[in-house]
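Chain residues, written in single-letter form:
Number of protein chains: 2
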Amino acid sequence: MANKPQWDLIAEAFVNHYYSVFDTDRSQLATLYRDVSMLTFEGTACMGASAITQKLVSLPFQKVRHHVVTCDAQPVLPESLNGVLVFVNGDLTVDDGAQAIKFAQVFHLLPDRNSPGLFWVYNDLFRLNYG
Amino acid sequence: MANKPQWDLIAEAFVNHYYSVFDTDRSQLATLYRDVSMLTFEGTACMGASAITQKLVSLPFQKVRHHVVTCDAQPVLPESLNGVLVFVNGDLTVDDGAQAIKFAQVFHLLPDRNSPGLFWVYNDLFRLNYG
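Sequence order for the protein chains is A and B.
At position 39 of the first sequence (counting the first as 1) the number is 39 in full-length UniProt numbering, and the numbers step up by one without a gap.
At position 35 of the second sequence (counting the first as 1) the number is 35 in full-length UniProt numbering, and the numbers step up by one without a gap.
Next up, chain A with everything else stripped away, as it sits in the complex (with noise of 0.2 Å):
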């Protein structure tokens, strides 16, 4: 972990709270948006805190589980920024299904210039990969 440049470090920490959150309750998503984010869902382009959960909120399952498989992390300029891209490979099963899909996000991070170390989605693609 010693080694891990700092950007792996809060692409971990920033991938694992955002899943949790999403996989137990997704309407508490919003906090980790603003009214500049944009999130690509399937194609589909909406943006700012309110209609992102509200089209997360909207998918057609009860339960959900992500399991994250490799997240990849590179810093982004320009350095004043402190901006993190992270890109995320995993499976998903979603109320109780037995098959796991495929499916590969990117995000985009910024610190939260008034919360040192916590940082918000700016940028969030997500897509499905079928078998």
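Since the hints were derived computationally from the structure, they do not count as laboratory data.
Check before you lean on any hint, since a few could be wrong.
Quick list of in silico lysine-lysine cross-link-like pairs, BS3-like style, CA-CA up to 30 Å [as the list claims (entries may be wrong)]:
no. : chain 1 : residue 1 : chain 2 : residue 2
1   : B       : Lys-4     : A       : Lys-4
2   : A       : Lys-63    : A       : Lys-4
3   : B       : Lys-102   : A       : Lys-102
4   : B       : Lys-55    : A       : Lys-4
5   : B       : Lys-63    : A       : Lys-102
6   : B       : Lys-4     : A       : Lys-63
7   : A       : Lys-4     : A       : Lys-102
8   : B       : Lys-102   : B       : Lys-4
9   : B       : Lys-63    : A       : Lys-4
10  : A       : Lys-55    : B       : Lys-55
11  : A       : Lys-102   : B       : Lys-55
12  : B       : Lys-102   : B       : Lys-55
13  : A       : Lys-102   : A       : Lys-55
14  : B       : Lys-63    : A       : Lys-55
15  : B       : Lys-102   : B       : Lys-63
Being a predicted model, the structure only gives us computed values, none of them experimental.
Please build the complex by placing chain B on the supplied structure of chain A, with the hints as guidance.
Chain B only, in chain A's frame:
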């Protein structure tokens, strides 16, 4: 087409060009990266046009063909940089293999200040998704 945001058009043009070059002569991809560019390929990180091209050229196949299934794009902060975040999901076949392999790739593109309309790759993250 007329209603597509500009970043979608930029993303599609870039992606078509990138994979066309990749599948024809991937040593020529060097022109699309710079010294500060980053590639994380299947979890292995390298930096700079030279190291990135060396990594791509050394991949253990002679022929490769990328087929783009989805290409999503969003603008990236700060607006002054005019960056574009691109998220590609697709299939690739290598060396006349009958079985296509799914892949997902993320590009963060920045405009070439000396060549209006051209973009270079700042961030590049690539993962295969075995079925």
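Do the hints match the structure? See the list:
| no. | hint | in the structure |
| --- | --- | --- |
| 1 | B:Lys-4 - A:Lys-4 | violated, 39 Å |
| 2 | A:Lys-63 - A:Lys-4 | violated, 33 Å |
| 3 | B:Lys-102 - A:Lys-102 | holds, 10 Å |
| 4 | B:Lys-55 - A:Lys-4 | holds, 21 Å |
| 5 | B:Lys-63 - A:Lys-102 | holds, 27 Å |
| 6 | B:Lys-4 - A:Lys-63 | violated, 34 Å |
| 7 | A:Lys-4 - A:Lys-102 | holds, 26 Å |
| 8 | B:Lys-102 - B:Lys-4 | holds, 26 Å |
| 9 | B:Lys-63 - A:Lys-4 | violated, 34 Å |
| 10 | A:Lys-55 - B:Lys-55 | violated, 39 Å |
| 11 | A:Lys-102 - B:Lys-55 | holds, 27 Å |
| 12 | B:Lys-102 - B:Lys-55 | holds, 20 Å |
| 13 | A:Lys-102 - A:Lys-55 | holds, 20 Å |
| 14 | B:Lys-63 - A:Lys-55 | violated, 41 Å |
| 15 | B:Lys-102 - B:Lys-63 | holds, 16 Å |
Hints 1, 2, 6, 9, 10 and 14 from the list above are not met by this structure, while the remaining hints are.
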